[in-house]
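Participant: Sequence:
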Amino acid sequence: MHSLAIALTLLAVAAVGCDEISRTPNTERGEAPKSRVEQIPGFVVWESNRSGHWRIWMRQLDGSGLRQLTPEEEGREHFAPHLSPDGRHLVYLSQRTGTSTYRMWENSDSVLRLRRIADGHDEPLVKGARSYREDRVAVWIDSREVIYIASDGTTRSIDILSGKQRVIQRKKQAQHGYLTDPTLTWATTGRPGFARLNRRARRVAPARILSGCQPYFSRDGRFAFWVNKQGGPIRRVDLRTSETTDMVPRKDPRLPKGFRYVYFPMISAGQAATTTTSAPTTRSSSRPSIRRR
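Our numbering puts the first residue of the sequence shown at 15, with every later residue one more than the last.
Do not take every clue at face value.
Distance condition first, Cα-Cα at most 20 Å in a straight line; then the derived DMTMM-like pairs of lysine to aspartate or glutamate [unchecked claim]: (1) K178 to D166; (2) K141 to E88; (3) K178 to D136; (4) K141 to E120.
Beta-carbon label-pair distances, calculated as ranges [stated by the list, open to error]: (5) G235 to E120: 19 to 27 Å; (6) K178 to P220: 24 to 32 Å; (7) G66 to Y116: 33 to 41 Å; (8) E120 to R210: 26 to 34 Å; (9) K271 to D123: 38 to 46 Å; (10) D136 to R214: 20 to 28 Å; (11) Y116 to E87: 18 to 26 Å; (12) R213 to P270: 40 to 48 Å; (13) G134 to K243: 36 to 44 Å.
By construction, these hints were calculated from the structure, which means they are not laboratory data.
In this text, a Cβ means the ideal position worked out from N, Cα and C, and glycines have one as well.
Between the sequences and the hints, there should be enough to build the whole structure, so can you do that?
Facilitator: This is the structure in structure tokens:
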């Protein structure tokens, strides 16, 4: 079903433009110029079945330090990792082998889990959590409170320290549900349609559905982005003005040689860089979450 021929590609693009993070090589006398990736401290996490089961993996942005981040869990697969803005915690979905987040309402026995990056402490956070249609299940409001979709299709948030919850979107959804941006202004399902969230009524207004998939938001709530058509381009919309532009072309020259299919984009917490998955074919799978210090 999936191919392991994938590449996690860090693209030096800001949320407000496509500017390079650094235009001047960072070198000492006698030292080879470093790539833009090597100049950016931080790490990225993603899901991979390279071990024979879907687990969450991690590596530094310079390509070093590859390691499996989540533990072995018999009869379970791990999907949809998302890092807290401070990079200290990870949430991900654990569910029964043979199910997927694409049709997860069918006996998936899902659990949203919380993992502490520093010491590997791992615990269940919410039972029955859903995806919004594909492998995305959460949005961090800040480094302590995370938004998720409950088992009844309502949208809620949970404080990872106190366990206190609140309802953000109260209308139950038969399948999947809504994720909102961190400012609780906009909402979307896995089908790109950026709707206003009425905070007082805790309801989402209808929105025009756009072509594509895998929508998500910048942390400041100003931009939304998604994969337009199969394999790109990655588009973005300014939610204040409705201006829409290409963020990453389908055949971006910065992609690895032979790779052109782009999907599952994610903007870093500081909104200075974007990571995307690229592949030589349409049959590949990896969903990254990026932490840039």
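Participant: Could you say whether the range 33 to 41 Å given as a hint is met by the Cβ separation of G66 and Y116?
Facilitator: 20 Å, violated
Participant: Take the C-beta atom of Y116 and the C-beta atom of E87, compute their distance, and say whether it sits inside 18 to 26 Å.
Facilitator: 20 Å, holds
Participant: Honestly, do K271 and D123 meet the 38 to 46 Å range at C-beta?
Facilitator: Holds, at about 41 Å.
Participant: Starting from the hint 40 to 48 Å, judge whether the C-beta atoms of R213 and P270 obey it.
Facilitator: Holds, at about 43 Å.
Participant: Is K178 within 20 Å of D166, Cα to Cα?
Facilitator: At roughly 18 Å apart (the allowed maximum being 20 Å), D166 and K178 satisfy the hint.
Participant: Against the range 36 to 44 Å, how does the distance between the Cβ atoms of G134 and K243 compare: consistent or not?
Facilitator: Check passed, 39 Å falls within 36 to 44 Å.
Participant: Between K141 and E120, does the CA-CA distance stay at or below 20 Å?
Facilitator: Judged against 20 Å, a Cα distance of about 15 Å means the pair holds.
Participant: Would you say the C-beta atoms of K178 and P220 sit inside 24 to 32 Å of each other?
Facilitator: Given range 24 to 32 Å: holds, Cβ gap about 31 Å.
Participant: With 26 to 34 Å as the target window, see if E120 and R210 comply at their CB atoms.
Facilitator: Given about 31 Å between the Cβ atoms, the range holds.
Participant: For a C-alpha distance cap of 20 Å, please report whether K141 and E88 respect it.
Facilitator: 17 Å, holds
Participant: Taking 20 to 28 Å as the stated bounds, is the beta-carbon spacing between D136 and R214 within them?
Facilitator: 37 Å, violated
Participant: Against the range 19 to 27 Å, how does the distance between the Cβ atoms of G235 and E120 compare: consistent or not?
Facilitator: At 33 Å between Cβs, range violated.
In this structure, the hints that do not hold are numbers 5, 7 and 10, in rising order.
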